[in-house]
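Protein chains: 4
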Amino acid sequence: MNKKKIINDPIYGFITIEHEIVFDCIQLPEFQRLRRIKQLGLTSLVYPGAQHTRFQHVIGAMHLMQTAVTSLRSKEVTISEDEEIGVLLAILLHDIGHGPFSHSLEHGILTDVSHEYISSILMERINAKMDGKLNLAIQIFENKYPRKFLHQLVSSQLDMDRLDYLRRDSFYTGVSEGTVGIERIIQMLNVKDDCLIVEQKGIFSVEKFLMARRFMYWQVYLHKTSIAADRMMLNILKRAKEIISEGKTLFASPYLYFFLSRNFTQADLQKPDVLENFCNLDDSEVISAIKVWQNSEDVTLSTLCKMLINRNLLKIEIAESPFDSATIEKRRTAVCDQIGIPKEQADYFVITGKLSNNTYSTQGDTLKIGMKDGSLKELSETSEIYNLSDDNKPTIKYFITSIK
Amino acid sequence: MNKKKIINDPIYGFITIEHEIVFDCIQLPEFQRLRRIKQLGLTSLVYPGAQHTRFQHVIGAMHLMQTAVTSLRSKEVTISEDEEIGVLLAILLHDIGHGPFSHSLEHGILTDVSHEYISSILMERINAKMDGKLNLAIQIFENKYPRKFLHQLVSSQLDMDRLDYLRRDSFYTGVSEGTVGIERIIQMLNVKDDCLIVEQKGIFSVEKFLMARRFMYWQVYLHKTSIAADRMMLNILKRAKEIISEGKTLFASPYLYFFLSRNFTQADLQKPDVLENFCNLDDSEVISAIKVWQNSEDVTLSTLCKMLINRNLLKIEIAESPFDSATIEKRRTAVCDQIGIPKEQADYFVITGKLSNNTYSTQGDTLKIGMKDGSLKELSETSEIYNLSDDNKPTIKYFITSIK
Amino acid sequence: MNKKKIINDPIYGFITIEHEIVFDCIQLPEFQRLRRIKQLGLTSLVYPGAQHTRFQHVIGAMHLMQTAVTSLRSKEVTISEDEEIGVLLAILLHDIGHGPFSHSLEHGILTDVSHEYISSILMERINAKMDGKLNLAIQIFENKYPRKFLHQLVSSQLDMDRLDYLRRDSFYTGVSEGTVGIERIIQMLNVKDDCLIVEQKGIFSVEKFLMARRFMYWQVYLHKTSIAADRMMLNILKRAKEIISEGKTLFASPYLYFFLSRNFTQADLQKPDVLENFCNLDDSEVISAIKVWQNSEDVTLSTLCKMLINRNLLKIEIAESPFDSATIEKRRTAVCDQIGIPKEQADYFVITGKLSNNTYSTQGDTLKIGMKDGSLKELSETSEIYNLSDDNKPTIKYFITSIK
Amino acid sequence: MNKKKIINDPIYGFITIEHEIVFDCIQLPEFQRLRRIKQLGLTSLVYPGAQHTRFQHVIGAMHLMQTAVTSLRSKEVTISEDEEIGVLLAILLHDIGHGPFSHSLEHGILTDVSHEYISSILMERINAKMDGKLNLAIQIFENKYPRKFLHQLVSSQLDMDRLDYLRRDSFYTGVSEGTVGIERIIQMLNVKDDCLIVEQKGIFSVEKFLMARRFMYWQVYLHKTSIAADRMMLNILKRAKEIISEGKTLFASPYLYFFLSRNFTQADLQKPDVLENFCNLDDSEVISAIKVWQNSEDVTLSTLCKMLINRNLLKIEIAESPFDSATIEKRRTAVCDQIGIPKEQADYFVITGKLSNNTYSTQGDTLKIGMKDGSLKELSETSEIYNLSDDNKPTIKYFITSIK
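Protein chains in written order, with my numbering: chain A, 8 to 411; chain B, 8 to 411; chain C, 8 to 411; chain D, 8 to 411.
These aren't lab readings, by the way, just hints derived from the structure by calculation. Quantities reported herein were computed from a predicted structural model and do not represent experimental measurements. Where hints are given, some of them may not hold.
As the list claims (entries may be wrong) - A few chain C residues facing chain A, derived, Cβ under 10 Å:
no.	residue
1	PHE21
2	GLY181
3	GLY188
Ideal Cβ positions, reconstructed from N, Cα and C, are used throughout, including at glycine.
Taking the hints into account, I'd like the entire structure generated from these sequences.
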């Protein structure tokens with residue numbers, strides 16, 4: 008039967024869904040929700056093209072996984088059909104626990120609950136509904152399956168997740184320095200002793216990939232304006248929670264209000280009603296609420312909301328060393344004077360923090376290169392162009408925000 | 008002074024904002040709102056990549072206008088700096104009156120108020136704030152300026168609006184058949200007796216453009232699944248208005264509730280409070296409300312909302328002739344039986360209508376070709392490949408929706 | 008064993024050679040010769056980028072064939088490994104009989120011997136050297152194999168040859184109107200009763216393909232300047248043959264001289280020494296000789312050679328009807344006066360002929376569309392955008408050349 | 008007047024020739040010759056797409072120069088029309104002295120005469136014909152014009168020559184790692200005190216450029232197979248010269264024979280007949296001759312020619328240190344045994360040498376960055392991602408060839 012579903016992707020063209028169970032998972036409400044969550048959160052305030060969603064990303068990563076499976080099989084790596092479906096579902100669902108605005112709100116609406124943890128819980132919930140059809144996918148996702156390379160394709164220095172998001176974020180932001188030759192890298196992958204390796208002739212492509220990643224960090228992921236916007240949104244949600252905790256009313260959709268009016272721990276996420284509410288959250292109610300909060304009586308809240316909505320963002324400065332307390336104090340005083348808020352609310356505007364670009368680690372799960380003579384080497388031993396040590400000692404920078 | 012602003016665009020690369028007043032207009036809250044309105048509404052349910060915003064489109068069209076002005080000047084068409092700024096602002100602001108989900112909601116939240124009309128009102132409002140600096144732009148936009156080609160660059164068979172949206176919609180949907188060689192077309196434009204013409208050597212490019220447009224109509228703008236989603240959203244808003252008019256409560260942000268609880272005529276838009284509320288609307292509160300309405304007690308509303316949110320859309324059939332009343336009646340009865348709603352609500356699910364693809368008209372403002380011998384010809388007289396008459400007699404198709 | 012050869016292609020990226028025998032054929036001197044024959048002959052005088060070779064084209068077409076085989080198998084069309092190799096070799100070798108400057112010289116150096124005929128002879132010669140390993144490939148190439156779709160993939164309205172050359176010629180000329188969504192078309196192919204069909208959802212892609220072809224005809228293949236250059240080269244070779252037949256000496260490489268000093272019929276090509284000489288011809292000796300002939304004492308020859316080498320081409324006019332004899336005579340007289348040649352040599356400069364663009368025929372081997380309901384239709388019955396009848400009645404144009 | 012010439016380029020699209028004198032220079036036989044010289048010589052034996060010509064490269068570089076002039080003027084750098092034309096002509100003609108197969112034959116046909124030197128002589132010759140209209144172009148080319156940035160646009164670490172060739176070579180080889188964001192770099196150029204600088208916000212783009220260059224060196228310019236082919240061609244020409252000097256006859260076009268049968272010094276190039284002969288050389292007669300020489304009685308010559316024509320290249324090995332004399336001697340003996348040549352001819356097959364990738368020098372004409380605070384810094388002081396010191400200490404590798 009020839010009933011394959013096809014999805015049009017601006018980057019890869021036609022993406023074919025080869026397996027019925029994969030398509031069934033895409034149809035789930037939990038998955039369709041990812042259509043309403045932007046991959047790069049507020050980055051679109053800096054790069055207006057960055058409107059792409061988590062949905063697009065995971066579909067793309069799933070497509071790359073299919074390509075990788077086909078390529079590995081042509082090199083006589085045995086992958087059973089069950090393993091193929093397992094690794095496809097693992098990559099498809101690995102981000103299902105993301106909340107509104109992706110990374111931005113992991114610490115805004117919830118407190119210290121990672122999206123990976125929620126992904127695990129949601130995968131269990133879906134697995135229960137699907138009579139255990141996700142068992143193998145979950146094993147691979149959690150690295151409990153003996154053939155390690157399947158997990159490495161989902162999560163490692165060179166997994167399908169990264170390959171897709173670097174390519175996709177580069178494409179949509181228009182930052183062409185981040186373009187990666189994905190097809191080539193995938194063609195260069197191989198498996199040795201159940202571990203993922205890169206063939207020697209793929210070294211250049213891997214080096215290009217690492218450089219592209221470095222570029223993306225500084226030009227996109229750690230872009231200072233985008234950092235300022237992210238922190239503003241976190242502070243908006245924090246202030247909204249405070250106001251509600253003081254017993255005042257604030258407009259919000261019921262799903263958002265559920266989370267703003269209470270503090271949930273990681274354990275709470277296991278409760279069906281909490282999880283159900285989480286599955287109804289997406290970018291829309293956060294934006295909708297912030298627009299209404301522009302008119303709040305609370306000066307701090309209304310000021311931050313107006314600034315964010317009209318893209319009149321906090322000014323942000325970057326330095327090589329931490330800002331001293333005198334500098335910080337001066338900014339805090341200035342803010343209070345300027346907009347008339349009490350000193351204890353100054354930190355909603357004067358935000359300090361550090362940025363770290365730690366892209367490649369020469370420790371732990373490093374990249375192995377399969378040499379033509381059959382031996383394995385570390386990437387750092389074979390690299391010709393890229394200086395891995397530059398990645399290994401991460402650059403740390405410090406920032407402070409203030410009102411213009 | 009070298010303080011030009013630069014915007015990164017995935018399609019054109021760097022876009023430079025050459026004039027301070029143009030940048031000032033981009034900074035306005037009325038304009039920033041366009042960041043939160045998708046260019047193609049619900050089309051992303053069919054083409055997941057179609058997430059691009061009105062903001063991106065008008066910035067892109069403004070960039071093409073800049074290119075066109077430069078190209079025309081190099082052909083010794085005189086364009087003063089005031090005219091340049093005027094035509095840039097006219098294209099930049101021509102879509103500022105769009106409501107949530109672009110075209111989709113023109114008839115959902117308001118009744119028979121065109122976005123062009125609202126654009127005009129908003130341009131006046133901004134002009135007042137800006138001490139009349141938009142006077143010339145408004146004249147060009149409303150075709151009251153004597154040099155007609157400036158208006159034609161904003162609105163005609165071959166304007167910068169269409170060039171950008173065809174290219175951009177093709178890029179983001181991944182429908183490569185719609186790709187247009189914009190740079191070439193712009194290089195082939197010229198002005199004769201203050202009218203916009205295409206030079207003879209550009210005929211191929213124009214023919215390609217018209218074909219691309221035809222492809223985009225059938226593959227994107229009139230895609231049947233997308234039509235179904237659009238109509239569902241219109242019916243959702245219609246039903247919500249009915250419920251509110253019956254005195255029942257329904258969750259909505261204050262801005263959306265303002266419009267759902269009353270019926271405004273075109274004249275009402277002139278009132279400052281109505282206009283102010285309109286300027287606070289965007290896609291987010293519509294989506295946020297629909298998610299909440301999934302739990303409404305009203306079966307019709309909750310059913311439609313669940314279907315739309317989870318992309319379980321109405322089934323749509325297309326035919327060459329209108330559906331007969333027996334067929335329609337059969338579908339209506341089936342729906343009422345299936346979900347248990349009274350007969351008078353059947354039309355919320357059984358929607359009929361027609362689709363028309365009328366892309367080029369050989370009457371009115373036709374495309375003039377400047378021949379090498381100095382004469383002017385109609386495109387229809389010179390075309391070598393494309394059969395314009397195919398466009399001139401529009402294809403009409405009929406549709407009916409039902410529940411699967 | 009993992010010893011696959013990879014070729015870098017600017018269009019498709021990495022091309023993998025999957026079978027040893029395919030690689031062996033690429034290594035043959037007969038095949039390597041295609042590296043030295045331009046795909047589009049003198050078209051590079053109009054489009055400087057059109058430097059691509061026959062070698063690149065057939066490697067590309069072979070790659071598309073591999074993709075088509077994989078796609079058809081995924082639709083449960085059975086293709087044995089022998090059939091796969093056969094169809095790959097058939098497409099790889101289908102152009103091996105091309106002479107210098109591809110089509111341009113088929114009638115210049117030889118007289119009325121088609122390149123398809125020489126391809127057949129050369130495939131037989133190679134087959135003999137290879138102990139019959141090309142038997143199946145030759146059967147498929149000559150449409151003697153029962154499963155017709157394999158031949159149709161090599162030669163039909165929608166074969167891998169055309170798909171590659173349209174895409175490639177468009178890419179290298181920079182004529183973007185000719186861009187074709189090859190991947191999509193291939194994904195839409197299927198087989199019914201051993202015939203190649205296109206699935207219904209691929210209609211748009213096929214229509215786009217037919218349009219692109221029409222564009223390429225008028226903008227590239229029948230470009231008037233390129234026609235002028237082609238005819239000049241044919242006349243140069245004709246004149247050189249005449250001069251040699253008169254017993255005068257003329258510089259040429261031994262391989263070229265072999266053909267210039269004698270007239271071979273189709274049957275002669277079967278003789279080993281004739282074939283061997285043919286296999287040593289490529290673009291280089293033709294260009295090298297023409298450069299030397301610029302200094303010939305024969306005015307006609309030297310004039311034509313200087314003009315071609317320095318790209319000072321004959322002027323060419325196009326008309327809807329044939330040029331009358333008075334016009335032609337006037338041009339002939341003018342040429343003789345201008346450069347001082349006898350009247351009987353005037354036609355070396357005053358060349359008349361006709362151009363015909365007959366791209367799609369609704370007779371014979373037409374394109375069949377596999378409808379969703381299982382029926383087969385003619386493309387002309389299902390086409391929505393493209394008017395096939397425009398192709399069916401070919402446009403004929405007439406040309407005349409003269410000296411500027 | 009609107010008579011601008013337009014050239015289609017696969018990379019940049021339409022290239023407009025803005026000035027009549029520029030077009031006149033393109034029309035010269037000396038310039039048209041560049042259509043017949045491949046930019047990358049024998050690299051097409053490794054990357055079959057690398058068929059592009061010197062003609063395409065200099066037209067492309069001229070186009071980038073036009074873009075740079077426009078961009079700099081928009082930043083209020085004054086460039087007079089004479090200076091514009093001068094710098095356009097300087098880049099257009101800077102490569103006019105290239106011989107067949109570009110760099111490959113600089114040392115094959117001539118001995119130690121650089122193409123820059125011949126470019127200078129040819130520019131003088133053209134200037135004489137053109138009544139001194141190239142005076143300013145020559146001054147700029149030879150860095151004798153006071154406004155240094157004009158020369159720097161033609162020749163420096165970041166000139167239009169390099170920008171075009173890196174982009175073009177990357178495009179045609181299909182080595183996407185070499186892709187450079189040219190438009191961005193050009194937009195980031197500025198002039199301070201008549202010196203070319205890069206604005207601070209362009210640092211990332213420059214770093215990407217330097218990396219891309221490094222990739223191109225190792226993947227293309229120093230590709231070992233390509234090195235082997237180059238050296239084989241040099242040895243073929245060297246052996247042909249030897250044979251002719253021994254009084255034996257050898258087929259060659261008169262232009263090639265002129266150079267093979269004599270040894271010219273740099274001073275000889277000044278003689279009109281030598282220069283005229285040089286202007287008639289291109290790739291075609293070299294290839295045409297080598298094909299004939301396959302049948303030479305000289306075993307060394309015929310063996311090398313057959314190998315090169317049929318792409319059966321010498322085997323090449325790379326090492327970190329020079330090969331010792333025992334290894335070399337062993338290879339020499341083996342070759343003589345294998346093909347039966349005297350020992351003194353062994354070095355035609357056993358070739359040793361070294362490869363050096365010295366891409367950026369921190370000494371001399373370094374890249375200056377214009378910081379936002381108005382100061383100038385060295386690129387090496389500001390670079391965030393790219394480790395310039397990696398370029399500064401060039402990697403040196405050693406090679407040896409032998410017969411398989």
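Query - Interface hint status, C:GLY188 versus chain A (Cβ within 10 Å) - result: holds, 8 Å
Requested in this report: Go through the hint on C:GLY181 and say holds or violated, using the shortest Cβ distance to chain A against 10 Å.
Outcome: Violated, because the Cβ-Cβ distance from C:GLY181 to chain A comes to roughly 20 Å (cut-off 10 Å).
Query raised in the report: Was the hint right that C:PHE21 lines chain A, CB cutoff 10 Å?
Result: holds, 6 Å
Comparing the model with each numbered hint stated earlier shows that hint 2 is the single one that does not hold.
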